[in-house]
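Chains as they are written, first to last, in the working numbering: chain S, 1 to 294; chain B, 1001 to 1463; chain Y, 2001 to 2274.
Please note that the accuracy of each hint is not assured.
[Claimed, not checked] Partial list, computed: chain Y residues near chain S (C-beta under 7 Å):
id, residue
1, V2025
2, P2045
3, F2049
4, I2087
5, I2125
6, F2210
7, T2249
8, I2250
9, V2253
10, L2255
11, Q2261
[Claimed, not checked] Not the full set, but computed from the structure, chain S residues with beta-carbon under 8 Å of chain Y:
id, residue
12, I28
13, R98
14, C109
15, I120
16, V135
17, Y138
18, W165
19, P169
20, L173
21, I174
22, A177
23, S247
24, L272
By construction, these hints were calculated from the structure, which means they are not laboratory data. Don't be surprised by glycine CBs; every beta carbon is placed ideally from N, CA and C.
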Amino acid sequence: MIRSYFQKKPHLVYIMPAMIILGALTFIPTLFLYVLSVSDYELGYSSFNFVGLDNFIRLFSGRDPEFWYSVMISLGFMVIVTVVELLLGFWLAVLLDREFKLKFLVFACMIVPIAMTPSITGQVWKLMMNAEYGVLNYFLQFIGAKVIWLSGENAFWSTVLVDVWQNTPFVALIIYAGIRSLPSDPYEAAAIDGANRLQIFRNITMPLLWPMILLAVIFRAIDSLKTFDIPYSLTQGGPGSATEFLSLHVYRLGFAQTGWVGRSAAVSVVLLILTTVISMILIRAYRKGVENKG
Amino acid sequence: MAKKGSLLIVVMLLVAIISACGGNNGGKNEGNKGTDPVQGTSGGATDTLEAWGKTIKEKYDGEEIKLAFASHPSTESFQKLTGDFEKLTGIKVKWEVMEETYLKNKQLLDYTGKTGTYDVLMVDGFWMSEYGAKKVVEPLDSYIVNKDLTPAWFDYEDIVPAYRNGISKYDGKAYGIPTAGETRFIAYRKDLFEKYGKQPPATMAEFLELAKFFNGKEDGLYGVTMRAQRGIHAASGLMTVMYNFGGGFIDQKTGAVTMTDPKTVEAMQFYVDLLKNAPKDVASYTHEEALSAFTTGKAAMWLDATALATRILDPAGSQVYDKVGFVPTPEGPEGKASALAGWNMSLSSLSKNKEAAWAFIVYMNSKENAKAYVEGGGVPVRTSIYQDEELVAADPSYPVQLAALSDANVLVEKGISWIPPHEKLGQILDRVGYYVSAAMFGEMTVEEAAKKSQTELEDIVGK
Amino acid sequence: MNPMGTKKLGIGTAIVLLIVCVSCVFPLFWMLIISLKTKTQTYDPSIWFFSPTFENYKNVFANRHALDYLRNSSIVVVLTTLFSIFIGGMAAYGFARFEFKKKENKAFWVLSLRMLPPMASVIPIFVMASLLGVLDTHLVLIICYMLFNIPFTIWMMRSFFEEIPLALEEAAFVDGASRFQVFMKVILPLATPGLIATAIFCIINSWNEFVFALFLTSADASTLPTTVTLFLSVSGVVWGEMSAIGIVTIMPVLLFAMIVQKYMIRGLTFGGVK
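The shape of chain S in the complex, shown without the other chains (with noise of 0.2 Å):
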């Protein structure tokens, strides 16, 4: 009977393995969360008991202090670092798209800050950028400057500096890689018609591009919104909370000093539907872009 069905489902073979296993890695971890967001469960204790929406009650009553500006910094990291990261890589990308004998050497270089391991950059960076004996600062002195990179008021942007540095040039060779892609006949037509440059570039290579773009989007928004690695060595979400986005508030909260393993999960939970409905607007916008190109 088994084989009957593969028979007539034969796509099943092929998908089954994957499926399952990216389903046993979802669903049951997600189930999991769901449970602990409901209990005052605390690391270390052998019991725990159920304590409804409590969690989250403290979490949106604002009984949980940083929780909501952990919500405004991780939003606002996710809008910055995508734009300034989209515009920068876009604009390399067009650098790029011409034609020099040590090209390979530019994408050589490119490919140091992508191959970088997160939490060592973040720690050689939390080095450049001591105040003190920091490298940045060294040569800021030279024009007289002198910034406190990892200060209250600071700290939040040069996070940002380190995640455009780390991830600008994926963005830039995405980009790179669809304008290399583009068909030349719609160009030729243009040609043909006499077109000018802004009237190809917005009728003929945004809309071609599109896809890509939103690709790119889709991989920064996402990523930087829970985004871990950076701050965990450059800041440790401090100092204050500058630098607690919700993946550290999460962290802080269910291990670090105290924990709230169950405060945490909401806060996962939380982090969890964001990343969600992000994300489905996202692909939404680019399934849309993709059916409309094709």
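Since chain S is already given, all that's left is putting chains B and Y on it; use the hints.
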């Protein structure tokens, strides 16, 4: 089809989880029965180190113990002694050394996951109440009194009483052996103080005044540097001065939260005011940054752990090694007081090798090896070491450390433990540290910070 | 071939690109410098010329078990990449060659899994792993990394498979091969460039993964990225050794990525533009 399959797995797992949660308590007791230390060992000579080594070797030759330790000068010193221990006892030692916040996580996760990966844990005095209450670590009294397990040359009584009572006990029971003790004191720049004709501070008021005086006095010079990073560091920094003002987080007799007590508020105000004379990014400083600000000559005074003194005096890492003097924590309105903190070695309650692990603890912390340990860079905890003439000659901060320790005793005599003995201490420090740091940033006034932390602490403690 | 107009490299562009290159490489370069400095030298950024010391490298291999971490990382990354590519590749083929109900929904569900924040799933996975007794093993990391590697593989390989002409497959069917044989012997070899491109990203992502490794492993299976936690201490951040192990961590993947640069850039279109 796929849906049904995964549903089944979910149900099975849930059942497993629930039963595991329910069975925890029972399981733990059984574990303890199996390795009752008093009956576990008998016979075999232990009166000298060599004889003990032989006895241990007969029993545990070839066994492996795993250690979860913090990166700390003491750990480095223990690592130097490990070779000899392995040779003597045949026990293999596997080290895992990591940053302390991460260490605590790892130890608690290991305990929660019931993995039992580690045998010996290095435990901060600050964690002891929590670990004791959660039964992460094994009570050690029965080990200490057992002459077979703990030979005379270990000499538990030689460990400074303030440490024994202050950092390794919970609920009257010993859960750890102090390995690295610290109190806190001020290091100041002798050259600067001479230049401007100043005397090192003896009272908190003088301390603040001097910090103001030196702040910006020279190019790039700040008045003072301390740890103040949000969370435990800020809380712990506040504690350094709090007791001298008579303040506290909780009343150690009644258990009531005392954040809004005028004395606590005064101390908090002092701490915030003091750090206005610190480097601008002091709110991101742990002991590490505070120390390097001082050793690179950026600050005139530094108030932090005695254990770090060796690094200030180290010509290889410090630019001010030859220009520093030390004085104990200044006297406050409520008299003298000084910090009492440090690290312990404890037995993991899940260890499958408790006696071999205990042998390691005995060897490393014994009076017999204390000198080698200190010479290797370890932080002393024993009276005999503090009084050793040779060592005192080598480290001029010892007498001040002893003086600071006697200040620490002032608290002990008042019946106050410098580290508040509360099983939720981690959470308390985190919250206090958050609000102190917020006050430092000017996000709220000190009074507001005190009020808000009062509310949160009541929530934590009352639970 | 160049629809946006053929452009030459102007001097302005050249300067911009030079700046980009320097800033991309500088942190790596600085890390290399620090790893070769002595402890006091690390606190003085104005020292550019000094006789390098290999003390830090010696220490990380002798005292910090760098080799163990390297071994753990390699085992986990190689196995997870192989499994992910095989399982994900099969699924990608399923998506590319068959029509079935709600295919696109399933495909995008898969894609959305890549978006899961690891911080949200690591707590429950930790508890599950502890119940199953697989904490601190290579296995647990291999499986967890599949969580982001398989969706990625499916997504990338699907477009590569779709580009392979059906005719080639049909020819093999005529010769009497089964579909699975065709997949193994015809399709996979033809999709090699895509497999390489996919593998690079799987390798980079797994090699650098931090959260799962941090929480799920300790003494026996820790990977290189977790070593950053080793160097913060009361006795100072050991910048030299940290940099040394950082270089050890980054170099293998970086060199590999540079060697297969061409495939990597090709792969970055992710089938978005065909």
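Hint by hint, here is what the structure shows:
1. The restraint placing V2025(Y) at the interface with chain S holds, with a minimum CB-CB distance near 5 Å, inside the 7 Å limit.
2. Given hint, P2045(Y) at the interface with chain S, holds; its Cβ is 4 Å from that chain's nearest Cβ, closer than 7 Å.
3. For F2049(Y), the suggested interface contact is broken, since its CB lies about 15 Å from the closest CB of chain S, more than 7 Å.
4. Annotation: I2087(Y) was flagged as interfacial toward chain S, and the flag holds, the nearest CB pair being 5 Å apart, inside 7 Å.
5. At a threshold of 7 Å, the smallest CB-CB gap from I2125(Y) to chain S is about 5 Å, leaving the interface hint in force.
6. A cut of 7 Å between beta carbons decides the hint on F2210(Y): the least distance to chain S is about 4 Å, and the hint holds.
7. For T2249(Y), the interface hint holds, the least distance from its beta-carbon to any beta-carbon of chain S being 5 Å, beneath 7 Å.
8. Contact between I2250(Y) and chain S, as hinted, is supported at the beta carbon level, the nearest pair being about 5 Å apart and thus within 7 Å.
9. Look at V2253(Y): its Cβ gets to within about 5 Å of chain S, closer than 7 Å, so that hint holds up.
10. For L2255(Y), the interface hint is violated, since its Cβ never comes within 7 Å of a Cβ in chain S; the closest pair sits about 9 Å apart.
11. Evaluation of the Q2261(Y) hint against chain S yields a held restraint, the C-beta minimum of about 6 Å falling below 7 Å.
12. Interface restraint check for I28(S): the shortest CB-CB distance to chain Y comes to about 7 Å, inside 8 Å, so the restraint holds.
13. The beta carbon of R98(S) is positioned within 8 Å of a beta carbon in chain Y (closest approach about 4 Å), and the interface hint is therefore held.
14. Hint status for C109(S) relative to chain Y: holds, with the closest Cβ pair at about 4 Å, below 8 Å.
15. Annotation: interface hint on I120(S) holds; nearest CB of chain Y at approximately 4 Å, less than 8 Å.
16. For V135(S), the shortest C-beta to C-beta distance to chain Y is roughly 4 Å, which falls under 8 Å, so the interface hint holds.
17. Restraint check, Y138(S) versus chain Y: the minimum CB separation of about 4 Å is within 8 Å; hint holds.
18. The restraint placing W165(S) at the interface with chain Y holds, with a minimum CB-CB distance near 7 Å, inside the 8 Å limit.
19. Against a cut-off of 8 Å between C-beta atoms, the interface hint on P169(S) holds, since the closest Cβ of chain Y lies about 6 Å away.
20. Taking 8 Å as the C-beta contact cut-off toward chain Y, the hint placing L173(S) at the interface holds, the least distance being around 5 Å.
21. At its closest, the beta carbon of I174(S) sits 5 Å from a beta carbon of chain Y; the interface hint therefore holds under the 8 Å criterion.
22. A distance limit of 8 Å between C-beta atoms decides the matter here; for A177(S) the minimum to chain Y is near 4 Å, and the interface restraint holds.
23. Using the Cβ-Cβ criterion of 8 Å, the hint placing S247(S) at the interface with chain Y is satisfied: the shortest such distance is roughly 4 Å.
24. Hint status for L272(S) relative to chain Y: holds, with the closest Cβ pair at about 5 Å, below 8 Å.
In summary, the numbered hints that this structure violates are 3, 10.
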